[in-house]
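J.: Throw the hints in and build the complete structure from the sequences for me.
The numbers in this note's numbering rise by one with no breaks, and the one at position 65 of the sequence shown is 65.
Keep in mind that the hints are not guaranteed to be accurate.
[Unchecked claim] Estimated spans, in silico, between C-beta atoms of each pair:
#: 1; residue 1: A54; residue 2: R111; range: 15 to 21 Å
#: 2; residue 1: A72; residue 2: L52; range: 17 to 23 Å
#: 3; residue 1: D120; residue 2: G65; range: 29 to 35 Å
#: 4; residue 1: D120; residue 2: G74; range: 18 to 24 Å
None of these hints come from the bench; they were simulated from the model.
Where is the CB? At the ideal position from N, CA and C, for every residue including glycine.
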Amino acid sequence: MDFSGEWALEREIQSEIAGQAGRFSGRAWFCAAEGGLAYREVGKLHLGAAVLQAERRYFWRKAAGEIEVLFADGRPFHSFTPAQTAATHYCDPDVYQVAYDFADWPRWSSRWRVSGPRKDYVMVSRFSPVSRPEPS
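T.: This is how it looks when you write it as structure tokens:
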């Protein structure tokens, strides 16, 4: 799987605690960087009546048969393999569980289940290719 390039990104968020739904619409880029791919997403987050500009950054790399996902500052986030596409990240007291779905490649998705004392939501992100070249 080659993630390089630009992706259309649509995300749905359903919060059980807040009892509200949110959505994100934007773009994501995987760009070549030393040792892997720099990931950046930018878009609009709709939560109730509020519309916010939102951005995230991560770093993806291959290591020992796994895909490691790191926070932008280099801290480990989670890792998965093409055969085992689920992972868990513990951020005491919260638990983040992800399942990736690449069955319709190059369209793919991630489903996050987040739980903790003040968190209880599901977030589904859907990626569709826009172009293969990396942005400048």
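J.: Look at each hint and say if it fits the structure.
T.: To see whether the hints hold, each was checked on the structure:
Our hint of 15 to 21 Å for A54 and R111 holds, since their Cβ atoms are close to 19 Å apart. Between A72 and L52 the C-beta distance comes to about 19 Å, which sits within the given range of 17 to 23 Å. The hinted range of 29 to 35 Å is satisfied by D120 and G65, whose Cβ atoms lie roughly 33 Å apart. Checked against the hint of 18 to 24 Å, the C-beta distance between D120 and G74 comes to roughly 29 Å, which is inconsistent with it.
Of the hints listed earlier, the one the structure fails to meet is number 4.
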